[in-house]
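Student: So you can see what is in the structure, the chains are spelled out below.
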Amino acid sequence: MNNAAPASRKPMVEIENLVTHYGDRPILKGINLTIYEGEIMVIMGGSGSGKSTLLNHLLGLLRPTSGTVRILGADINAISDIELTKLRTRMGVAFQGGALFSSMSVGENIMLPLREHTDLDESTMAIMARLKMEVVSLAGFESLMPSELSGGMIKRAALARAIVMDPKLLFCDEPSAGLDPVVSSAIDELILLLRDAMGMSIVVVTHELESAFRIADRICVLDKGDILMVDTVAGVRASANERIQNLLNRRTEEATLDPDDYLRRLTKGI
Amino acid sequence: MAVLTQLMETVGRRTMAGLGEIGYAATLLAQSLFWLVMGPGRRQPVRLKAVVAQGMEIGVAAIPIVTVLSITVGAMLAIQGIHTLRIFGAESRVVFGVALSVVREFAPLITGIVVAGRSGSALAARLGTMRINQEIDALHVMGINPVRFLVAPALFAMLIMLPLLTFLSDVVALLGGGIYVSIDLGMSLAAYADQVIEALTLDDLLHGLGKSAIFSVLIALVGVVNGSLVTGGAEGVGRMTTRSVVHSISAIVITDMIFAFMLSR
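Protein sequences, first through last, are from chains A and B. Per our numbering, numbering of the first sequence is gapless, rising by one per residue and ending at 270. Per our numbering, numbering of the second sequence is gapless, rising by one per residue and ending at 265.
FYI, nobody ran anything at the bench for these hints, they're computed from the structure. Remember, it's a predicted structure, so these values are computed and weren't measured experimentally. Hints may be right or wrong, so weigh each one.
Unchecked claim - Pair ranges (Cβ atoms, derived): (1) ASP24/A / THR231/B: 16 to 26 Å; (2) ALA260/B / ASP24/A: 21 to 31 Å; (3) THR231/B / ASP261/A: 25 to 35 Å.
Said to hold, decoys possible - Computed list of chain B residues with no C-beta within reach of chain A, every gap over 10 Å: (4) THR10; (5) ALA75; (6) GLY89; (7) GLY97; (8) THR129; (9) ASN133; (10) ILE160; (11) LEU164; (12) VAL217; (13) VAL246.
All C-beta atoms in this analysis are idealised placements derived from N, C-alpha and C, irrespective of residue type, glycine included.
Let the sequences and hints guide you as you build the complete structure.
Tutor: So this is what it looks like as C-alpha cells:
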C-alpha cells in the first residue's frame with residue numbers, strides 16, 4: 001500500500017472547512033481532509049477531540065455550521081433524500097456498540113440492507129449474508145440473537161452487516177474498544193483484509209494507539225476540534241509536536257491556569 | 001421579582017418545548033402517511049409484515065386484559081345503574097344507560113388506557129432503547145428511513161387494532177352488564193339484548209369507534225415522540241416511558257371530554 005498522500009488516486013471523502021458547534025461551543029474548527037480510494041484513514045484523538053462529531057458529519061447524521069462534506073463525490077448535505085438513500089447503499093458503517101437490532105437474529109440483521117434495497121429472493125439474500133459471515137468468521141451463528149453474542153462477535157456481526165452491500169466506503173467507529181488484545185488484534189486483521197480483498201476505502205475512528213498504528217495507511221490526529229497532523233504511521237510517530245507526543249505517550253496536558261478565569265468559573269451564577 | 005421572572009421563564013420554556021413536541025408529532029404523522037402512499041413508488045414500502053407483527057402485539061396480545069376489564073366495567077355500570085335507578089323505581093331502564101355509556105364512553109376509554117399502558121409505553125421504551133444503542137443512527141446510515149421502518153407500522157397497527165379492540169370491549173362489557181342485570185332483575189339475556197339493540201343507534205357505535213381511532217393516533221405519536229427524546233441511558237428510557245403513559249392517558253381523557261362536549265350536547 002502506498003502510504004504517501006496519493007494525489008493521483010480518486011478521493012472518496014472530501015471535507016472542506018468543516019465547522020460545527022453544539023450551542024455556542026465550537027466542536028470542529030475548520031477541518032480539511034481528503035480520504036482516497038483504497039486507503040485506511042484512522043481518525044485518532046482523545047476524548048473531546050471532536051472525532052465522534054466528525055464521524056457523525058461524515059455519515060450525514062449532523063449538519064455542519066459551515067463547510068462541506070463530499071462522500072463519493074456527492075455533497076452529503078446538499079443532495080436530495082432519494083440521492084442520499086442511494087449514496088448510503090454504497091457506504092457501510094460499523095458502530096461502536098454494534099447497533100444490531102435486538103429484535104432480529106444476527107442473520108436477519110445482516111440481511112436487512114439487502115431486504116430493504118434489493119429485489120433478491122430470500123435464499124439469495126441468505127447466501128449473501130452467509131458469505132459475509134464467513135468473511136468475519138461468524139459462520140453458523142445466524143440464528144442467534146444479538147444478546148447471545150460476545151463483544152467481539154457483536155463487532156464482527158456489525159462489520160458483516162456494514163459490508164453486505166459491498167460498499168466502496170466503510171466507516172468503523174472504535175472497532176477495538178472494549179475488547180481484549182487478542183480479539184482486538186483479530187478485528188484489526190479483518191479490517192486489513194477488507195481493504196486488501198475487497199478494495200474498500202476505510203475510515204476508522206479510534207482512540208486505541210496500537211490498533212491505529214497496526215492498520216492505518218494514514219492517520220489524522222484531532223485535538224480540540226483541530227487537525228494536528230495528517231500523515232503516515234511513521235510520520236506521526238516521528239512528529240516533534242508536543243501535543244502529538246503527549247497523545248502517543250498517554251500524557252495529560254497541563255492546563256494553563258488563568259487566575260481571573262479560574263475565579264470567574266468558580267463564582268459564576270452565585 | 002427575580003422569582004417571578006424565573007417562573008415566567010420556566011413556563012415559557014416548557015410551553016415552547018411542548019409546542020415543539022406537538023409539531024414533531026404532526027410531522028411524524030405526515031411522514032408516516034407519506035411513506036404509506038409514496039413508499040411503494042420509491043421501492044421503500046411500509047412492510048405489511050411489520051404492521052402485522054405490531055398488530056399482534058398491540059391487539060391480539062391485549063385481548064385477555066381488555067376482556068377482563070370490559071366485563072368488569074360492564075357489570076360495574078349495571079350495579080351502579082340499578083342502585084341509582086332504584087331510588088326512582090326505574091331499575092328496568094338500566095339497560096339504556098349501560099348500553100349508551102359502554103358504547104359511547106367506557107369501551108373506547110378503557111381500551112385506550114389499556115393500550116396506552118401496554119403498547120404506547122412499549123413503543124416509547126423500544127424506540128428509546130434503539131436510540132441510545134445507536135440503532136436509529138444505524139437505520140439512517142443504511143438508507144432506511146426510521147419513520148417508514150418503525151413509526152408507520154406501529155401507527156397503522158394501532159389505528160387498525162384499537163377500534164377492533166374497542167368493538168370487542170363493547171360486546172364484552174355489554175355482556176358483563178347483561179349477566180348482572182339478568183341476575184339482579186331476573187331479565188333474560190335475550191330480552192336484555194333486545195333492549196340494548198333498541199337503545200343503540202349506529203351513530204353511537206361509530207361515535208365510540210371513531211374516538212378510539214383518534215386515541216390510537218394519540219397513543220402512537222405520544223409513544224414515538226417520547227421514545228425519540230430519550231437521553232441519558234437506561235434511566236432516560238424509564239423516565240420517558242413513564243412520561244409516555246402519563247401523557248397518552250391525559251391526552252385520551254382530555255380528547256374524550258372534548259368529544260363528549262362537542263358531540264353529546
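Student: Should the label of ALA75/B as a non-interface residue stand, given a Cβ cut-off of 10 Å to chain A?
Tutor: holds, 38 Å
Student: The output says VAL217/B does not contact chain A. Does that hold with a beta carbon cutoff of 10 Å?
Tutor: Correct as stated: the minimum Cβ-Cβ distance to chain A is 24 Å, above 10 Å.
Student: Taking the closest pair, is the beta carbon of THR10/B still more than 10 Å from chain A?
Tutor: holds, 16 Å
Student: Would you assess whether ILE160/B, listed as outside the interface, keeps its beta-carbon beyond 10 Å of every beta-carbon in chain A?
Tutor: holds, 21 Å
Student: Looking at ASN133/B again, its CB stays over 10 Å from all of chain A?
Tutor: violated, 6 Å
Student: Does LEU164/B clear chain A by more than 10 Å, comparing its Cβ with all Cβ atoms of that chain?
Tutor: The assertion about LEU164/B holds, with a minimum of 24 Å to chain A.
Student: Are ALA260/B and ASP24/A spaced within 21 to 31 Å by their CB atoms?
Tutor: violated, 49 Å
Student: With 10 Å as the threshold, tell me whether GLY97/B passes as away from chain A on beta-carbon distances.
Tutor: holds, 45 Å
Student: Taking C-beta pairs only, is GLY89/B more than 10 Å away from all of chain A?
Tutor: Label holds. Min Cβ-Cβ 59 Å, cutoff 10 Å.
Student: Regarding ASP24/A and THR231/B, is the given constraint of 16 to 26 Å on their beta-carbon distance met?
Tutor: Between ASP24/A and THR231/B, where Cβ atoms are some 20 Å apart, the hint holds.
Student: For the hint 25 to 35 Å, verify it against the beta carbon of THR231/B and that of ASP261/A.
Tutor: holds, 30 Å
Student: Against chain A, does VAL246/B hold up as non-interface, every C-beta pair farther apart than 10 Å?
Tutor: For VAL246/B, whose nearest Cβ neighbour in chain A is about 26 Å away, the distance exceeds 10 Å, so it holds.
The structure fails to meet hints 2, 8 and 9 from the earlier list, while all remaining hints are met.
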